[in-house]
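Engineer: Which chain is which? The protein sequence lines are A and B, in order.
Numbers 1 to 123, taken from the working numbering, label the letters of the first sequence in order.
Numbers 1001 to 1422, taken from the working numbering, label the letters of the second sequence in order.
It is worth saying that the hints were derived from the structure and are not from the lab.
Note that CB positions come from ideal geometry on N, CA and C, so glycine has one too.
Incorrect hints may have been included.
What the hints assert, rightly or not - Calculated cross-link-like contacts (lysine to aspartate or glutamate; reagent style EDC-like; alpha-carbon spacing at most 16 Å): (1) A:K28 x A:D85; (2) A:K19 x B:D1214; (3) A:K40 x A:E91; (4) A:K38 x A:E90; (5) A:K41 x A:E90; (6) B:K1141 x B:E1155; (7) B:K1342 x B:E1261; (8) A:K101 x B:E1151; (9) A:K19 x B:E1207; (10) B:K1050 x B:E1003; (11) B:K1141 x B:D1070; (12) A:K101 x A:E39; (13) B:K1141 x B:E1151; (14) B:K1162 x B:D1214; (15) A:K41 x A:E98; (16) B:K1162 x B:D1030; (17) A:K19 x B:D1030; (18) A:K101 x B:D1214; (19) A:K40 x A:E73; (20) A:K41 x A:D85; (21) A:K28 x B:D1030; (22) A:K28 x B:E1003; (23) A:K19 x B:D1310; (24) B:K1342 x B:E1385.
What the hints assert, rightly or not - Here's a subset of chain A near chain B, in silico, CB distances under 7 Å, partners left out: (25) S16; (26) M49; (27) A53; (28) T56; (29) D68; (30) T74; (31) K75; (32) G105.
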Amino acid sequence: MLYTVLCYNNENAVFSWTKEQDDAVMAKLNVVHERLRKEKKLGPSARLMPTTAATTLRKDSDPPLVMDGPFAETKEQLLGFYVIDCASLEEALGIVRELAKANPGGAYEVRPVRFFHPGSGVQ
Amino acid sequence: MTEVEWIGTAIVSARPKGVAALLRYFRDLDTAEEAFQDACLRALRTWPEKGPPRDPAAWLVFVGRNFAVDSARRRRKEEPLPDEELLADVDDAEVALVERLDSADYRDDIVRLLFICCHPDLPATQQVALALRIVSGLSVKQIARAFLVTESAMEQRITRAKSRVAAAGVPFETPGAAERSQRLAAVAAMIYLVFNEGYSAGADAQEARAPFCDEAIRLARLLLVLYPSEPEIMGLLALMLLQHSRAIARFDANGSLVLLEEQDRSRWDRALIEEGLALIDKALRHRQPGPYQVQSAIAALHARAARAADTDWNEIDQLYATLERMQPSPVVTLNRAVAVSKLRGASEALAMIEPLAAKLDGYFYFHGVKGALLEQLGRIAEAREAFNQAIAIAQSAHEAAHIRRHLDQLSPDRHGEMTCVS
């Protein structure tokens, strides 16, 4: 089963990290990423810019309304995602627990994937 | 990152929101700062056990407010303090309630707090010092070190600035639309001032002032979260991100300034550049150009050029012309002259800057650019004179060293390279 791991955290705090702190978190996360890659469990993943860089298209009006900022104002913001291939939810949660150790604060939402398109090899 | 470090960053990043909300509540800067400080001490004790709350700022406001009210009561009636257990039980539901009451006010709170620091009576450096102390929470020691004064001198300066601000009276009523946008403009200018205090520091002061740039970027991000559709705030943030992306390439191993054209572009921070470009893209959609957007567009043209030779000087010239119309200033014309020299040669550029001599006589870069143009034209004696003038008024050792290097290279048969100001 494919799962998406949606990474939420307080962007105020995350984007206040010094370069050294950021590098340290990434180094710890990379250990987990590397293992997942070797086990062929890691799908596409991304780290997002802060929500100040976001633009939202609201489809509930016609024509759709383009607005600056994220879809919703929340305490924690969507700051990235992974797609992982796991045999079970338990396994997915195990991986997420490891990620959480490397990068404390915030939350990971684990959501099974209903439809997956591998994309066109965008780099 | 350890849990303790994480808590530290959470507290630091919650500070503007926290102090701003407490200021509205207590209407007194010292009380607000003290209450926030107390809440932070509590946080350091309770968060490691219970884990940090989901909304650190709301938690700190809640606890800070209670604590200050309690200590005022205690001073009056000698009541005992609430015990630690009680405070540790503050749960997210309770905090959420307070937060809901406040969230509509946060925007004005934070802009008010920032606005206090840019009081027109305060000289620029005091505005910067006050903002770094109150909003960013840098220690007096840190700020003093950055401004090369003693801790007690800086303490005095900040105290004086605070009493000046207090005497002027803080406007607590909710501002109208026109006033809000005036405040926003003043705050944007102050944030850019903080950035420039960091950015313009020489290698010697770099370490002490490096946090200034990060703080300014953080404040601009915060402001943009509060005002997501302000193209000039997008422009300001983009401008700072693009300039800051070159931070480590701007100095060589000896601490001398490296000109934009000579920088190793592979050392520029791509993540900051990409974020800056994304923000410019967003801002352009609004079709409300302003000085920050234009300056960020100029910075973006430099960022987009893979090599210095690929720089689109024509576009840069036009953007400076736009900036001249929006914000006429001899410094802008001087910058434009650099672009003109690339496009149409040194003599046209020199003709542009000669009328600025009276206004920019005390400006280091004016003499630097003039010297470089004269050098290109082979007028070596005059070039030497301009460079000597630049050295005489250089504000820092790295500025002087940079020009001296130029001067050393002067010889009658060697054509100099252009100095780029940005």
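Engineer: So, for every hint listed, does it hold in this structure?
Structural biologist: Each hint tested on the structure:
no.	hint	result
1	A:K28 x A:D85	21 Å, violated
2	A:K19 x B:D1214	10 Å, holds
3	A:K40 x A:E91	14 Å, holds
4	A:K38 x A:E90	20 Å, violated
5	A:K41 x A:E90	14 Å, holds
6	B:K1141 x B:E1155	9 Å, holds
7	B:K1342 x B:E1261	12 Å, holds
8	A:K101 x B:E1151	40 Å, violated
9	A:K19 x B:E1207	14 Å, holds
10	B:K1050 x B:E1003	12 Å, holds
11	B:K1141 x B:D1070	30 Å, violated
12	A:K101 x A:E39	20 Å, violated
13	B:K1141 x B:E1151	5 Å, holds
14	B:K1162 x B:D1214	24 Å, violated
15	A:K41 x A:E98	14 Å, holds
16	B:K1162 x B:D1030	9 Å, holds
17	A:K19 x B:D1030	32 Å, violated
18	A:K101 x B:D1214	26 Å, violated
19	A:K40 x A:E73	35 Å, violated
20	A:K41 x A:D85	5 Å, holds
21	A:K28 x B:D1030	41 Å, violated
22	A:K28 x B:E1003	14 Å, holds
23	A:K19 x B:D1310	30 Å, violated
24	B:K1342 x B:E1385	23 Å, violated
25	S16	4 Å, holds
26	M49	5 Å, holds
27	A53	5 Å, holds
28	T56	9 Å, violated
29	D68	4 Å, holds
30	T74	10 Å, violated
31	K75	5 Å, holds
32	G105	5 Å, holds
Checked against the numbered hints above, the structure breaks hints 1, 4, 8, 11, 12, 14, 17, 18, 19, 21, 23, 24, 28 and 30 and satisfies the rest.
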